[in-house]
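Full structure from sequences and hints, please.
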Amino acid sequence: EAGVTQSPTHLIKTRGQQATLRCSPISGHTSVYWYQQALGLGLQFLLWYDEGEERNRGNFPPRFSGRQFPNYSSELNVNALELEDSALYLCASSSPTGGEIGETQYFGPGTRLLVL
Amino acid sequence: AQSVTQLGSHVSVSEGALVLLRCNYSSSVPPYLFWYVQYPNQGLQLLLKYTSAATLVKGINDFEAEFKKSETSFHLTKPSAHMSDAAEYFCAVSGGSNYKLTFGKGTLLTVNP
Chain X
1 EAGVTQSPTH
11 LIKTRGQQAT
21 LRCSPISGHT
31 SVYWYQQALG
41 LGLQFLLWYD
51 EGEERNRGNF
61 PPRFSGRQFP
71 NYSSELNVNA
81 LELEDSALYL
91 CASSSPTGGE
101 IGETQYFGPG
111 TRLLVL
Chain A
1 AQSVTQLGSH
11 VSVSEGALVL
21 LRCNYSSSVP
31 PYLFWYVQYP
41 NQGLQLLLKY
51 TSAATLVKGI
61 NDFEAEFKKS
71 ETSFHLTKPS
81 AHMSDAAEYF
91 CAVSGGSNYK
101 LTFGKGTLLT
111 VNP
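Chains as they are written, first to last, in the working numbering: chain X, 1 to 116; chain A, 1 to 113.
Just so you know, the hints here were simulated from the structure itself, not pulled from any lab data. C-beta atoms are modelled at their ideal positions from N, C-alpha and C, and glycine is treated no differently. Wrong hints could be hidden among the right ones.
[To be verified] Sample of chain A residues facing chain X (criterion: CB under 10 angstroms; computed from the structure): (1) 28; (2) 32; (3) 36; (4) 45; (5) 67; (6) 79; (7) 108.
[Claimed, not checked] No more than 25 angstroms apart at the CA atoms, straight line, and that leaves these computed lysine to aspartate or glutamate pairs for DMTMM-like: (8) A:58 x A:15; (9) A:58 x A:88; (10) A:69 x A:15; (11) A:105 x A:85; (12) A:105 x X:103; (13) A:105 x X:82; (14) A:69 x X:103; (15) A:105 x A:88; (16) A:68 x X:84; (17) A:105 x X:84; (18) A:58 x X:103; (19) A:105 x A:71; (20) A:68 x A:88; (21) A:105 x A:64.
[Claimed, not checked] Chain X is nowhere near these chain A residues, computed Cβ spacing over 12 angstroms in every case: (22) 70; (23) 71; (24) 82; (25) 99; (26) 101; (27) 102.
Here it is in structure tokens:
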């Protein structure tokens, strides 16, 4: 069974540009989570999507946004990129619909975003 | 609100020695606790999780962790370290209406030959 996949693996952008990161969950999983792993800041929760809806977001500005498609894949968009957005962005998925609290989140390999 | 504190950002052990990575949590609701491992340039892999079924949880690669409510701890242990265990380890908590994971800052484990 394929795990969580993310694309691209690496992304280089300049300040002010927009970045789009993609995630495909494990087959049968309906929840997708996004986390940012920045140097010195650890792993921070960004967004949670379930059944196409945004269910929760972390303490990030509105220029971080995303969506979940009918096939449960997800996209994270970061607008007006800033240098401090440079980080590893990890996507995770869980099941079933809505998930049970405590349901295991399975992580993808991440997209490393570098903002110059 | 929930939080996790991992004591020791860097732990170094000899091959064959006991591994002990410390995690303390704070949660106003019954917690679900997780240990993940991250190898260089990779995502996170689940080692084990606690969901109140048993206080001693066994995971992959001979890792285990014990939930101690009175100490609000969930320390990770392995009886004998292997070189392949060198990685960063993260403790995480969820619970209540909180589906997201709140992570500790991680502990980098170095295994010396």
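Verification of the supplied hints:
1. Hint status for residue 28 of chain A: violated, given a least beta-carbon distance of 14 angstroms to chain X, over 10 angstroms.
2. Nearest Cβ of chain X to the Cβ of residue 32 of chain A: about 3 angstroms, under the 10 angstroms cut. The hint holds.
3. For residue 36 of chain A, the interface hint holds, since its Cβ comes within 10 angstroms of a Cβ in chain X; the closest pair sits about 7 angstroms apart.
4. Using the Cβ-Cβ criterion of 10 angstroms, the hint placing residue 45 of chain A at the interface with chain X is satisfied: the shortest such distance is roughly 7 angstroms.
5. Annotation: residue 67 of chain A was flagged as interfacial toward chain X, and the flag is violated, the nearest CB pair being 13 angstroms apart, outside 10 angstroms.
6. With a least beta-carbon distance of about 24 angstroms to chain X, the hint placing residue 79 of chain A at the interface is violated under the 10 angstroms criterion.
7. For residue 108 of chain A, the suggested interface contact is broken, since its CB lies about 12 angstroms from the closest CB of chain X, more than 10 angstroms.
8. Distance hint between residue 58 of chain A and residue 15 of chain A is fulfilled; the C-alpha atoms sit about 21 angstroms from each other, no more than 25 angstroms.
9. For a cut-off of 25 angstroms, the pair hint linking residue 58 of chain A to residue 88 of chain A stands: about 19 angstroms separates their Cα positions.
10. Among the hinted pairs, residue 69 of chain A with residue 15 of chain A is inconsistent with the structure: their alpha-carbon atoms are about 31 angstroms apart, more than 25 angstroms.
11. Distance hint between residue 105 of chain A and residue 85 of chain A is fulfilled; the C-alpha atoms sit about 18 angstroms from each other, no more than 25 angstroms.
12. Using a Cα cut-off of 25 angstroms, the hinted pair residue 105 of chain A and residue 103 of chain X holds, with the two alpha carbons roughly 21 angstroms apart.
13. A threshold of 25 angstroms between alpha carbons decides the hint, and for residue 105 of chain A with residue 82 of chain X the separation of about 23 angstroms falls inside it, so the pair holds.
14. Between residue 69 of chain A and residue 103 of chain X, the direct Cα distance comes to roughly 20 angstroms. Compliance with the 25 angstroms bound is thereby established for this hinted pair.
15. Distance check on the hinted pair: residue 105 of chain A and residue 88 of chain A sit about 10 angstroms apart at the alpha-carbon level, within 25 angstroms; holds.
16. Between residue 68 of chain A and residue 84 of chain X, the direct Cα distance comes to roughly 38 angstroms. Violation of the 25 angstroms bound is thereby established for this hinted pair.
17. This hinted pair checks out: residue 105 of chain A and residue 84 of chain X have alpha carbons roughly 18 angstroms apart, not beyond 25 angstroms.
18. Pair hint residue 58 of chain A plus residue 103 of chain X holds up; C-alpha atoms about 17 angstroms apart against a cutoff of 25 angstroms.
19. Our distance criterion of 25 angstroms between C-alpha atoms is met by residue 105 of chain A and residue 71 of chain A, whose separation comes to about 20 angstroms.
20. Of the pairs offered as hints, the one joining residue 68 of chain A and residue 88 of chain A holds, with about 23 angstroms between alpha carbons and a cut-off of 25 angstroms not exceeded.
21. Taking the CA atoms of residue 105 of chain A and residue 64 of chain A, the gap is about 20 angstroms. The hint holds against a cut of 25 angstroms.
22. Every beta carbon of chain X lies more than 12 angstroms from that of residue 70 of chain A, the smallest distance being close to 21 angstroms; the non-interface claim holds.
23. Listed as a non-interface residue, residue 71 of chain A keeps its Cβ farther than 12 angstroms from every Cβ of chain X; the least gap is roughly 20 angstroms.
24. Every CB of chain X is more than 12 angstroms from the CB of residue 82 of chain A (nearest about 22 angstroms), matching its label as outside the interface.
25. Taking the minimum C-beta to C-beta distance to chain X, about 6 angstroms, the non-interface status of residue 99 of chain A is violated against the 12 angstroms cut.
26. The claim that residue 101 of chain A is not at the interface with chain X is violated, since a C-beta of that chain comes within 12 angstroms of its own (minimum 6 angstroms).
27. A beta-carbon of chain X comes within 12 angstroms of the beta-carbon of residue 102 of chain A; the shortest separation is about 7 angstroms.
Hints 1, 5, 6, 7, 10, 16, 25, 26 and 27 from the earlier list are contradicted by this structure; the remaining hints agree with it.
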